[in-house]
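Fit chain B to the known structure of chain A by using the hints.
Now for the letters of each chain:
2 protein chains.
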Amino acid sequence: MQTVKAEVITIGDEILFGQITDTNTQWIGAELSKIGIRVVRKSSVGDTEDVILAVLKEAEQRADVILITGGLGPTKDDITKTTLTNYFDTTLEINEEALMQVTQYFTRRGRILSGINRQQAALPVGSTYLPNTRGTAPGMWFERNGKVFISMPGVPHEMKGLMTDEVLPRLKKAYKTPIIFHKYVHTIGIGESNLAEKIEDWEDALPPHIRLAYLPSLGTVKLRLTATGNDLATLETEVDTQIEGLKPLIQPFIFGYENAELVTVIGKLLNAAQQTVSVAESCTGGYLAHQITRFAGSSAYFQGGVVSYSNEAKMQFLGVRPETLDAHGAVSEETIREMAEGVRQRFGTAYGLATSGIAGPDGGTETKPVGTVWVAVATPESTMTRRLQLGGTREQNIHLSALNVLNMLRKALLHEENN
Amino acid sequence: MQTVKAEVITIGDEILFGQITDTNTQWIGAELSKIGIRVVRKSSVGDTEDVILAVLKEAEQRADVILITGGLGPTKDDITKTTLTNYFDTTLEINEEALMQVTQYFTRRGRILSGINRQQAALPVGSTYLPNTRGTAPGMWFERNGKVFISMPGVPHEMKGLMTDEVLPRLKKAYKTPIIFHKYVHTIGIGESNLAEKIEDWEDALPPHIRLAYLPSLGTVKLRLTATGNDLATLETEVDTQIEGLKPLIQPFIFGYENAELVTVIGKLLNAAQQTVSVAESCTGGYLAHQITRFAGSSAYFQGGVVSYSNEAKMQFLGVRPETLDAHGAVSEETIREMAEGVRQRFGTAYGLATSGIAGPDGGTETKPVGTVWVAVATPESTMTRRLQLGGTREQNIHLSALNVLNMLRKALLHEENN
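These protein sequence lines map, in sequence, to chains A and B. Under the numbering used here, think of the first position of the first sequence as 10, with each following residue one higher. Under the numbering used here, think of the first position of the second sequence as 10, with each following residue one higher.
These are calculated hints, taken from the structure and not from any lab test. As the structure is a prediction and not an experimental result, all values here were calculated from the model. All residues carry an ideal CB built from backbone N, CA and C; glycine is no exception. Warning: the hint list may mix true and false statements.
To be verified - Under 8 Å between C-beta atoms, here's a sample of chain A residues computed to sit facing chain B:
1) Gln28
2) Thr30
3) Ser42
4) Arg50
5) Tyr96
6) Trp211
7) Glu212
8) Pro216
With the rest of the complex left out, here is chain A (with noise of 0.2 Å):
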C-alpha cells in the first residue's frame, strides 16, 4: 500500500489578479479524496514561463501526481502547453486523433475549423493524449522517474469530463493506496465554538486516526470525520460509532449526514407525508424558490411561489390586505402572517413559507433597522412567526433569511412526523 501525493496547480493571470474563482480545485480535491489520493498541496502562478516552470520542478519533488489546469486555451495569452514541452524537453507536433477530435467538434456545431483552433490539436511529443469531448483543448498525460503529470483546461466542465472519463480511472488503475473514509455530520442553528463546547468530551475521546473538522458556512457549520486505514467496512463501522456517541449531546442541531443539503432533507420529509409547499418571498426576492428548486426531484413537493416585491403584488398575488400593510407595514408579523396563509391557500399546499424583510444595504428605518426580518410557517394546523435580526450584507442576509424560514419548516415537518 502506498500513500499517494498529489499536488494541484492552477495556471493564470486571472486567478491570482482574482477575476475568477477557482472551483476547480476544490472538485478536483474531493475526487482525489475519495480514490485514497492525498492533496497536499495546490498552488496558483501566472502565465509566465519561468513561474511555471519553478513550480513544476517543486511539485515534482514533493508529489507523485502532479495535476495541472489552465492556460490551454486557443489565445495568446495561454502558454502552459509550450511551457510544457519545455519541462519534458521535447517539441510539439499535429496528434492525428487530436485533430480528428477538434475538427468533428467544430463540424457537430456547423463551424470551420481555423487555424488557431487547428493549433489545439499540437502535443507535446512523449505525452499520451486524453481526449476532451467538451471542448477544443485535449488533456495531457505525462510520465518520467515514477511521476505523472496531468494537464487538463481551466474551462470546469471541461475539466471534469477529463478527469471522469479518462484521469480517474488512470489514477485508480496507477496506485494502490490506503482507505480514506469521510462521513459529515450537518448542522444548523449553532455556531462553532458553542458546537466545540459542547462536544469536547466526546472530540478529545477520537482515536488518533480519526480525525474531526470543523466546516462553517453562512448559517450552517458541517462536522467532517475523516479515518485513515485499510479496511473500508471496519472505518465505516468506527465512525458510525463515534457518531452514535455524537447524536445525543447536539441532536436538535442535526439536519442531516453525508452530502444532505437542509433542502433535499426537507424535500424527504414532504415527499414521506405526501405534502407540498408553496413560498411568497419578499426580502429573499425568488432565492428561496431557486434554493428548493435546483435540486431535480423539487417539483414533486414544490407548486411555486411569488415573489411579491410591490405592495401591490402582495395584496393581487396573496391576499394581504391593504389595511394590514397600512397600519403594519411590509415587514411585520401581521403582513408575513397574511404571506404566508395567502401563499398556502392560493396554492393549495399543505405548507406556506414567507419572507419580508429588509435585506439592505439601503431601506432601514429606526425602528426597522436593515437585517429586520421576519419569516413564516403556515401550517395546516397553524402559523409560526419569527423575527430575525441578522447583520450581514445584501446577499448574506438573502441567505440567512431563507436558511431561517427553511429550518422553521424541517422542525414543522419533523414535529407532524413524531404526532
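Positioned in the frame of chain A, the structure of chain B alone reads:
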C-alpha cells in the same frame, strides 16, 4: 517605485480535501491588484505544522508580503497561530486589547466568554495586533528582514473586514507601487475563440505595456485590459483609446464595461425609460428573480414574479389557458407566450419575461429532450419568443436560460431607446 510581490497562503485540510470553496484568495487578489501589489503565487496547505513552516519559508524567499488566511479558529484542528509563534521563534501572551475586543464581542451577543475563546486573545510576542470586530480571532502582522506576514481568519466576512479596516491601509502606507490599471469589457452571446478571431488584428497591435486576457464564464466572456506604468491618467487614456478601437469589431456583443452586470445594465435602461418588469418562471424556478433582486435598488424597476412550477399555477397566476397547455404542453412557444404576456398584464409592468423548459437531469422526451427551453419577452408592442437547446447540467441550464431571456430584454430595451 517598487514592484511589490505578494503571496497568499490558505491553511486548512478542508480546502485541500475539496470540502469548502475558497473565495477568499480571489477577493484578496483583486484588492491587492487595485493598490498595485501583484499576487505572484497562491498556495493552499493542510493543518500540519511542518508543511505550514515550509510554505512560509518558501514564500518569504519569493515575496515581499505574505498573506495567510485560515487555521485561527478556537478548535483543536486550527494550528496557524502556534505555528507562526514557532516560525518567529517567540511565545504566546494574552494581548489585553484583543481580550477586551473578544470579551465585548461575547457581551454584545449576551454570551459568556469561555476558556476556549479567551485563548483567542493570546498573540505571538512581537506581532502587531489587528482588531477583528466581526469575530473572535484577531489578525496579526509580523515584520522580519523587510518582509511582512499577515495572518487573518478564514471566515470570509471577517477576513474582508480585517483587510479593509487594517491590512490594506497599512500596506498602502508601507509601499510605493507601480500603477496597474485594469479595465473590463463584458460580452454575451459569443464564444472565446470566435471573439479572439474577430479581434485578432487589434490584439496583435496592442502595445507591450497593455495586456489582454479572456475571462470566459458560462454564457459570457469578459475581456480584461491591464496596463502598467507610472501615471494613472495616461494609462486610463491609453486603455480607453484601445477600447474605442475594439468597439466596432464586437459592438452587438458588448453589454457593459468595468464591473457591469447584465442585470444592472438592464436596470439602468429600465430606470432611464421609467419602465418596470416582472417575471414568470418555470424552469428557472426563482433564479431569474433572484438574479434581479440580489442587487440593491432593483425594487425601483422590478415588481415581482411568479414561480409557476405546476400547470395549475400557470393557469391561476398567469392566465395561461388550459387549452394551450393541453395542446402544446408547458414547454412550448404557445405557453411561453401566454406566460410572458400574462405576467406582464397581471403585474401591470411594461415588460414581462418568461422561462419554461426541461432543466434536467430527468424529464426529457424524444421531441423535447433535456435542455429544451423556451424563453419569451413581452413588451408594450409585441412578444418575442426563442427556443434554446442547452447541453449543460441542471444548474448550468437554469443559468443560461436566465441569461438568454435577460439578454433578449436588453436588446429590446436598446431597440426602444434607439427609436
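Here is how each hint holds up against the structure:
1. The closest approach between the C-beta of A:Gln28 and any C-beta of chain B is roughly 5 Å, which is under the 8 Å cut-off, so the hint is satisfied.
2. The interface hint given for A:Thr30 holds, since its Cβ lies 5 Å from the closest Cβ of chain B, which is under the 8 Å cut-off.
3. Proximity of A:Ser42 to chain B holds as hinted, the smallest CB-CB distance being about 5 Å (cut-off 8 Å).
4. For A:Arg50, the interface hint holds, the least distance from its beta-carbon to any beta-carbon of chain B being 5 Å, beneath 8 Å.
5. A hinted interface residue such as A:Tyr96 counts as satisfied when its beta carbon comes closer than 8 Å to some beta carbon of chain B; here the least separation is about 17 Å, so the hint is violated.
6. For A:Trp211, the interface hint is violated, the least distance from its beta-carbon to any beta-carbon of chain B being 12 Å, above 8 Å.
7. Because the closest C-beta pair between A:Glu212 and chain B is about 7 Å apart, less than 8 Å, the hint holds.
8. Because the closest C-beta pair between A:Pro216 and chain B is about 15 Å apart, greater than 8 Å, the hint is violated.
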